[in-house]
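Participant: One-letter residues, chain by chain:
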Amino acid sequence: MVHWSAEEKQLITSLWSKVNVEECGAEALARLLIVYPWTQRFFSSFGNLSSPTAIIGNPKVRAHGKKVLTSFGEAVKNLDNIKSTYSKLSELHCEKLHVDPENFRLLGDILVIVLASHFTRDFTPSCQFAWQKLVSVVAHALARKYH
Amino acid sequence: RMFITYPQTKTYFPHFDLHHGSDQIRGHGKKVVTALGNAVKSLDNLSQALSELSSLHAYNLRVDPPSFALQLLSQCFQVVLAVHLGNDYTPEVHAAFDKFLSAVAAVLAEKYR
Numbered sequence: 001m002v003h004w005s006a007e008e009k010q011l012i013t014s015l016w017s018k019v020n021v022e023e024c025g026a027e028a029l030a031r032l033l034i035v036y037p038w039t040q041r042f043f044s045s046f047g048n049l050s051s052p053t054a055i056i057g058n059p060k061v062r063a064h065g066k067k068v069l070t071s072f073g074e075a076v077k078n079l080d081n082i083k084s085t086y087s088k089l090s091e092l093h094c095e096k097l098h099v100d101p102e103n104f105r106l107l108g109d110i111l112v113i114v115l116a117s118h119f120t121r122d123f124t125p126s127c128q129f130a131w132q133k134l135v136s137v138v139a140h141a142l143a144r145k146y147h
Numbered sequence: 001r002m003f004i005t006y007p008q009t010k011t012y013f014p015h016f017d018l019h020h021g022s023d024q025i026r027g028h029g030k031k032v033v034t035a036l037g038n039a040v041k042s043l044d045n046l047s048q049a050l051s052e053l054s055s056l057h058a059y060n061l062r063v064d065p066p067s068f069a070l071q072l073l074s075q076c077f078q079v080v081l082a083v084h085l086g087n088d089y090t091p092e093v094h095a096a097f098d099k100f101l102s103a104v105a106a107v108l109a110e111k112y113r
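Chains as they are written, first to last, in full-length UniProt numbering: chain V, 1 to 147; chain L, 1 to 113.
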């Protein structure tokens, strides 16, 4: 059971309320595919991923990024219950999608960098601490049902 | 940021004043970034340029596990770049920098065993 201090919860939820989920999600996923090109292996049906420009402009990447970050929003809404929130998704990522859980950590770190570039000075060290903790908990929850 | 975000990294600095903004942190941070600056100037020869630091990390500092702990600093460094550069920390710049910091970490871990 993860313990969240009141301050951590506040930092997470107040930042989240200012996040444009569609833009942020698209950017985070695009960056994952650009910075760690081997992750493109999971998206062979997405069409043109041949360059950073192609990836950033790819409508399937954008749509999927939005989907992924929207799901992240569920964690923010259920901070005290992240494990069960992601139970089904964990099974899906293991049994159907066959994603190495290391990729969850990579995407989490990228999301933090995207938030930092959007919020700049407002993304204080305390803010970073709370968010790195959150992405780590989510990554853990997604890896939990692997077998 | 590294000490705040990843408290386990403080274990390598028991002799430091680790309050945010301490002179020791500022001094040491500057030292690290200066070394990175030298690495930037020697991109095609990182192994040689960082050779002494590589020995230091392997035989004296023994940061453990090598890639993992250095990855934490890499993440924090990139967050600081993103905070300062905003949109100028584009995906392409991000990719290049992440690759660079990974390469530096790999060189620093080269002599571990």
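These are computed hints drawn from the structure, not numbers from a lab. Ideal Cβ placement from N, Cα and C applies to all residues, glycine included. Take these hints with a grain of salt, some might be off.
DEER-style ranges, computed between Cβ atoms [stated by the list, open to error]:
#1 Lys88(V) <-> Gln24(L): 25 to 35 Å
#2 Gln10(V) <-> Glu52(L): 20 to 30 Å
#3 Gly73(V) <-> His84(L): 21 to 31 Å
#4 Gln24(L) <-> Lys96(V): 48 to 58 Å
#5 Ala63(V) <-> Val32(L): 22 to 32 Å
#6 Leu18(L) <-> Lys133(V): 17 to 27 Å
#7 Ser71(V) <-> Gln8(L): 42 to 52 Å
Here's a subset of chain V near chain L, in silico, CB distances under 7 Å, partners left out [claimed, not checked]:
#8 Ile34
#9 Trp38
#10 Ala75
#11 Ile113
Participant: All hints are to be evaluated individually against the structure, with a verdict given for each.
Facilitator: Okay, the hints, checked on the actual structure:
no. : hint                               : verdict
1   : Lys88(V) <-> Gln24(L): 25 to 35 Å  : 48 Å, violated
2   : Gln10(V) <-> Glu52(L): 20 to 30 Å  : 45 Å, violated
3   : Gly73(V) <-> His84(L): 21 to 31 Å  : 28 Å, holds
4   : Gln24(L) <-> Lys96(V): 48 to 58 Å  : 51 Å, holds
5   : Ala63(V) <-> Val32(L): 22 to 32 Å  : 40 Å, violated
6   : Leu18(L) <-> Lys133(V): 17 to 27 Å : 19 Å, holds
7   : Ser71(V) <-> Gln8(L): 42 to 52 Å   : 29 Å, violated
8   : Ile34                              : 5 Å, holds
9   : Trp38                              : 13 Å, violated
10  : Ala75                              : 18 Å, violated
11  : Ile113                             : 5 Å, holds
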